[in-house]
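Protein chains: 2
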Amino acid sequence: MGPMATVDFLKKLTQATPAACDQEHIPLVVHFCSQTPDRTDALNGVGPSPLPSLIEAARSIHRAGAQALVIPCNTAHAWYEELSTAIQLPVLHIVDAVIEQLPLALRDQPIGLLATTGTMNSGIYAARCPEIPWVLPSQRSMNELVMPAIRCIKSNDMAHASQLLEGAIELMLNQGVRAIVLGCTELPLVNLERFLHVPVIDATDALAHMAVRWATGAQLQNV
Amino acid sequence: MGPMATVDFLKKLTQATPAACDQEHIPLVVHFCSQTPDRTDALNGVGPSPLPSLIEAARSIHRAGAQALVIPCNTAHAWYEELSTAIQLPVLHIVDAVIEQLPLALRDQPIGLLATTGTMNSGIYAARCPEIPWVLPSQRSMNELVMPAIRCIKSNDMAHASQLLEGAIELMLNQGVRAIVLGCTELPLVNLERFLHVPVIDATDALAHMAVRWATGAQLQNV
Chain A
1 MGPMATVDFL
11 KKLTQATPAA
21 CDQEHIPLVV
31 HFCSQTPDRT
41 DALNGVGPSP
51 LPSLIEAARS
61 IHRAGAQALV
71 IPCNTAHAWY
81 EELSTAIQLP
91 VLHIVDAVIE
101 QLPLALRDQP
111 IGLLATTGTM
121 NSGIYAARCP
131 EIPWVLPSQR
141 SMNELVMPAI
151 RCIKSNDMAH
161 ASQLLEGAIE
171 LMLNQGVRAI
181 VLGCTELPLV
191 NLERFLHVPV
201 IDATDALAHM
211 AVRWATGAQL
221 QNV
Chain B
1001 MGPMATVDFL
1011 KKLTQATPAA
1021 CDQEHIPLVV
1031 HFCSQTPDRT
1041 DALNGVGPSP
1051 LPSLIEAARS
1061 IHRAGAQALV
1071 IPCNTAHAWY
1081 EELSTAIQLP
1091 VLHIVDAVIE
1101 QLPLALRDQP
1111 IGLLATTGTM
1121 NSGIYAARCP
1131 EIPWVLPSQR
1141 SMNELVMPAI
1151 RCIKSNDMAH
1161 ASQLLEGAIE
1171 LMLNQGVRAI
1181 VLGCTELPLV
1191 NLERFLHVPV
1201 IDATDALAHM
1211 AVRWATGAQL
1221 QNV
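Heads up: the sequence lines are chains A and B, in that order. In this text, residue positions in the first sequence follow the numbering used here: the first is 1, and each later residue adds one. In this text, residue positions in the second sequence follow the numbering used here: the first is 1001, and each later residue adds one.
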């Protein structure tokens, strides 16, 4: 979806792979399908569904030889069930990857979720992991800070994005969250470390580690 | 081929694309075919040919919908003609991309080429652009500095790679080169700027810009 988010995912996947030379790396087929209609617009009822584009991209990856699918876009997971049903590939779920990275001691604590309004409204995180008391930004913070920041990142204006996100994160920390999930794959493209005094789970990195484990496990089974 | 070199290429391509939102980016199908046999070993007669793997990867990309092929690996261009003949896709040539980035005033001046022994021995650069008086590292510099550095980069040991390359670049600058071509896509992964007091052409970046121009031109023709 977002091409820089995809590049970030591929970098994290490569770094997470135990390999000393090219040949030990994981074979990958990647479809940069940036033309996919905007996921949040679709969920807000103001744009076409991305599902046909997602299905076509998944099938093209399958034709090129892929054996499992990962989607480094949180919002696209609103169509996870429909997509999984339409294609013949197993799809790793980004929320499962995030939950795996969350320390056990924090799983009943308030966790802040920074994501698009599409991800928020479709309740992907709450549905996949209802036992966590997710803390979401207010409607105003979403409209004035989080969504403008994500649009800035997509158009490569990192300085402005950083400023907007600092405000959103301050508000969230004041609500007493014990950790923050970066639940939109654009967010880790901004250096947020200086604002964050709590553990941070980066959904992109979590999905990269899950993909490496899947590929490594599959290779082991084939030995 | 080298996965981090591919990530670097994709980042440079995304940055070179004029786009204000996801949907304005170029659709890409990428095959990380790290399992391709080592190109330099093949050219040195001590390993299998990468050609069957290159053809299979190119066909899988074609099946997934690609309309042109770029290969962010200089050494693989030793099989450019055989690959181009075997597939139905136009293949942009990395040396053409480099030459386009070279200032006109420098085209009859000594240009240093840092690349694998495979790229050197197969004479890809000299054959594609014979009018440039290419300056190559000595055999000893290749064996003791350049190739060990490239292997360090492939196994993510950037500090050691940087040290080795510093030596190779010093030797080359002493030979009076007027510019240096980083003719191996692993090399730009190390920060070399502090050693280089001459213009540098990064083959990865050059190929990224050529790909963007190809894609933009093709879209314009379709309008």
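Treat each hint with caution, since some may be false.
Under 8 Å between C-beta atoms, here's a sample of chain B residues computed to sit facing chain A [said to hold, decoys possible]:
no.	residue
1	T1014
2	N1044
3	Q1109
4	S1155
5	M1158
The hints are simulated quantities; they were obtained by calculation from the structure and are not laboratory data. Virtual Cβ for every residue (Gly too), placed ideally from N, Cα, C.
Taking the hints in turn, this is what the structure says about them:
1. The beta carbon of B:T1014 comes within 4 Å of a beta carbon in chain A, closer than 8 Å, and the hint placing it at the interface holds.
2. Interface restraint check: B:N1044 against chain A, minimum CB-CB distance 16 Å, threshold 8 Å, status violated.
3. Annotation: interface hint on B:Q1109 violated; nearest CB of chain A at approximately 34 Å, more than 8 Å.
4. A distance limit of 8 Å between C-beta atoms decides the matter here; for B:S1155 the minimum to chain A is near 5 Å, and the interface restraint holds.
5. Violation of the interface hint for B:M1158 is found here, the shortest Cβ-Cβ separation to chain A being roughly 12 Å, above the 8 Å cut-off.
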